[in-house]
Amino acid sequence: MSIRFSFGGDEHIFAEVSEEMSLEAFFTSLSLTNAVKQAGIKGVTEICPANASFQIKYDPDQIKAGDLLRELQSMEGAASKSDASLKTRIMEIPVYYQDPWTHETLMRFRERHQDPSATDLEYAARVNGLGSVEDFIEAHSSQPWFVSMVGFVAGLPFLYQMVERKRQLQVPKYLRPRTDTPKLTVGYGGCFSCIYSVRGAGGYQMFGVTPMPIYDPNQQVSYLQDEMCLFRPGDIVKWKPISRDQYDADTEAVNANRFEPTIREASFSLAEFNKDINGTNAKLMEVLHGR
Amino acid sequence: MAVKIINPGLSTTVQDLGRPGYYHLGIPISGGMDRFALRAANLLVGNDEGAAVLEAVFLGPEIEFTQAATVAVTGGELPPKVNGAEQATWEAFAVKSGDVLSFGYLKSGARVYIAISGGVDVPLKLGSRSTYTLGALGGHEGRALKAGDALPLGPSGKGRGAIPAALRRGPGNPAELRMLPGLYWHRITAAAGKQFFADTWKVAPEADRIGYRFKGGKALDFVPRTPPFGAGSDPSNIVDACYPYGSVQVPSGTEPIVLHRDAVSGGGYMMLGVIISADMDLIGQLQPHSPARFVEVTLDEALCARADRQAALQRVRDHLKL
Numbered sequence: 000m001s002i003r004f005s006f007g008g009d010e011h012i013f014a015e016v017s018e019e020m021s022l023e024a025f026f027t028s029l030s031l032t033n034a035v036k037q038a039g040i041k042g043v044t045e046i047c048p049a050n051a052s053f054q055i056k057y058d059p060d061q062i063k064a065g066d067l068l069r070e071l072q073s074m075e076g077a078a079s080k081s082d083a084s085l086k087t088r089i090m091e092i093p094v095y096y097q098d099p100w101t102h103e104t105l106m107r108f109r110e111r112h113q114d115p116s117a118t119d120l121e122y123a124a125r126v127n128g129l130g131s132v133e134d135f136i137e138a139h140s141s142q143p144w145f146v147s148m149v150g151f152v153a154g155l156p157f158l159y160q161m162v163e164r165k166r167q168l169q170v171p172k173y174l175r176p177r178t179d180t181p182k183l184t185v186g187y188g189g190c191f192s193c194i195y196s197v198r199g200a201g202g203y204q205m206f207g208v209t210p211m212p213i214y215d216p217n218q219q220v221s222y223l224q225d226e227m228c229l230f231r232p233g234d235i236v237k238w239k240p241i242s243r244d245q246y247d248a249d250t251e252a253v254n255a256n257r258f259e260p261t262i263r264e265a266s267f268s269l270a271e272f273n274k275d276i277n278g279t280n281a282k283l284m285e286v287l288h289g290r
Numbered sequence: 000m001a002v003k004i005i006n007p008g009l010s011t012t013v014q015d016l017g018r019p020g021y022y023h024l025g026i027p028i029s030g031g032m033d034r035f036a037l038r039a040a041n042l043l044v045g046n047d048e049g050a051a052v053l054e055a056v057f058l059g060p061e062i063e064f065t066q067a068a069t070v071a072v073t074g075g076e077l078p079p080k081v082n083g084a085e086q087a088t089w090e091a092f093a094v095k096s097g098d099v100l101s102f103g104y105l106k107s108g109a110r111v112y113i114a115i116s117g118g119v120d121v122p123l124k125l126g127s128r129s130t131y132t133l134g135a136l137g138g139h140e141g142r143a144l145k146a147g148d149a150l151p152l153g154p155s156g157k158g159r160g161a162i163p164a165a166l167r168r169g170p171g172n173p174a175e176l177r178m179l180p181g182l183y184w185h186r187i188t189a190a191a192g193k194q195f196f197a198d199t200w201k202v203a204p205e206a207d208r209i210g211y212r213f214k215g216g217k218a219l220d221f222v223p224r225t226p227p228f229g230a231g232s233d234p235s236n237i238v239d240a241c242y243p244y245g246s247v248q249v250p251s252g253t254e255p256i257v258l259h260r261d262a263v264s265g266g267g268y269m270m271l272g273v274i275i276s277a278d279m280d281l282i283g284q285l286q287p288h289s290p291a292r293f294v295e296v297t298l299d300e301a302l303c304a305r306a307d308r309q310a311a312l313q314r315v316r317d318h319l320k321l
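These protein sequence lines are chains C and P, in that order. Oh and the first sequence: position 161 is 160 in numbering that gives the first Met the number 0, straight run, nothing missing. Oh and the second sequence: position 94 is 93 in numbering that gives the first Met the number 0, straight run, nothing missing.
Calculated from the structure, these hints are not laboratory results. A quick note: this is a predicted structure, and the numbers were derived from the prediction, not measured. Careful: at least some of the hints might be erroneous.
[Stated by the list, open to error] If we take Cβ atoms under 7 Å as the criterion, some of the chain P residues that face chain C in the derived model are: (1) Y22; (2) G141; (3) P151; (4) L152; (5) G156; (6) R159; (7) G160; (8) A191; (9) C241; (10) I275; (11) T297; (12) D299; (13) L312.
C-beta: ideal position from N, C-alpha, C; glycine also.
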């Protein structure tokens, strides 16, 4: 994998690891950005890993573009030789699929959708060749996901499913973006799932909502007091389908600030994963459920 | 409390020089869109250059002072008034407790910077007082100001002087926005690239702190491709990536969007390149429907322009020391 570098004006260097999405490209981006962080290069002000690329913002009064580019290129070889393993976290995110709030919103924006006669989930099931919405929800929630990027807006995770390429779900974005998306909507666009951290515009298909806040600028939520954003690139997520009753109970717990998310330490090796995907995911589930 | 908002105008927010270091979490730098005007306003009232000020767009707010202060208004030409009496822009003036600052109609530009001696002393959030409204972070309660809001001021220094027109900076007509091509420039045809720089564009009504949209140029032709896995089927789609500040994305090849201080940090549209740092301030002073052109530059030219901009700021500092 040879990285394509490009100057983004006079304050950014953009690096495309690969044009297409893959876990290999994501791991290269993550390990390179970690290496840049550790190198403590003078003048570097922002280090942003993305799905299959990354971006460095720097102060050209402190380091020359050419010098920074050479430093990044010198790290490229070491990153591709690294063993792509990771100490990370696995967490369970409850999802109330087919909820009334995203349903109300998707009905309001039907004329911007590929299939105005179906819901987003019905459309997603059909374009992925699955028989029913329930089959799609099963495919979406049965295997874990990598947080492969955090961004767009504050704390929003992009998630990439940990299954072989032929099992990846793919759903086009809305034809024209909506001007509204409920807060904490679980969305889907291209090969990525996401959680909308705040209410606002969005183009991803809407499948459900989580009761669990993932961004808190006031740092009041018990598990967001140290960092206002829950997710970091490299986190592993497992969706847990929940009922309306469970959603209401979780929401009540969140409001009383006694909701406790399930988050465990985990380790991951890309080589082991590629050798045995089902086995690796099964082990991750054991870690998540404390067995 | 030292400042009371009687009428907030269209959208008035607390801004300083921003909140670097959190873009990897999707939290943008924020801060004044026209940094030159923000720094100049602070210098005029004796503040640190990066003190928090009020940024107002198109319509000025109405503000009552509950203590004496020095005030300066820079940026667009929006005439300030004290108790109805017009004051000069780019010049320090004094207000007493009980005075009301209001504004006439906008004559040019888009945003004004209202610096008050002592600076607006809202709490620091992640190292900055800037308002990021989309994330409800910073400023006054994470939002644009409303009638009835009261804002504290910090301890004040001594302000004085004026900045003559020759030392100010603003966009021309048409505005010329210099751009370094790059990123996904290779996705469009050579003819489309030539046309992009030849066209005169107009600022669209969708222009805010997140980004400015431009209309009226010819749609771009893309180089044919098989969509990479995960990118999406539109020729302007990419696997979601980071967006630089000032990057020029063109969804479906039709209307370029230049991301600004409250940028979305990433997404799935190809970008043609990035507006150079020296010209970011100018975008903040563009009104909807005003004409603009994109001008191709090299990295060396971008760095020269950056040095010119720093020299212009130094001339303001030197002038005010006299």
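Each hint tested on the structure:
A least Cβ separation of about 5 Å between Y22 (chain P) and chain C falls short of the 7 Å threshold, and the interface hint therefore holds. About 6 Å separates the beta-carbon of G141 (chain P) from the nearest beta-carbon of chain C, less than 7 Å, and the hint is met. A distance limit of 7 Å between C-beta atoms decides the matter here; for P151 (chain P) the minimum to chain C is near 19 Å, and the interface restraint is violated. With its C-beta approaching chain C no nearer than about 24 Å, L152 (chain P) sits outside the 7 Å limit, and its interface hint is violated.
Proximity of G156 (chain P) to chain C is violated relative to the hint, the smallest CB-CB distance being about 26 Å (cut-off 7 Å). Of the supplied interface hints, the one on R159 (chain P) is violated, with its beta-carbon coming no nearer than about 29 Å to a beta-carbon of chain C, more than 7 Å. Violation of the interface hint for G160 (chain P) is found here, the shortest Cβ-Cβ separation to chain C being roughly 27 Å, above the 7 Å cut-off. Nearest Cβ of chain C to the Cβ of A191 (chain P): about 18 Å, over the 7 Å cut. The hint is violated.
Against a cut-off of 7 Å between C-beta atoms, the interface hint on C241 (chain P) holds, since the closest Cβ of chain C lies about 4 Å away. Here the hint on I275 (chain P) is kept, as its CB sits about 5 Å from the closest CB of chain C, short of 7 Å. At about 10 Å, the closest approach between the beta carbon of T297 (chain P) and any beta carbon in chain C exceeds 7 Å, and the interface hint on this residue is violated. Annotation: D299 (chain P) was flagged as interfacial toward chain C, and the flag is violated, the nearest CB pair being 10 Å apart, outside 7 Å.
The interface hint given for L312 (chain P) is broken, as the beta carbon of that residue sits about 13 Å from the closest beta carbon of chain C, more than 7 Å.
Of the numbered hints given earlier, the model fails hints 3, 4, 5, 6, 7, 8, 11, 12, 13; all others are met.
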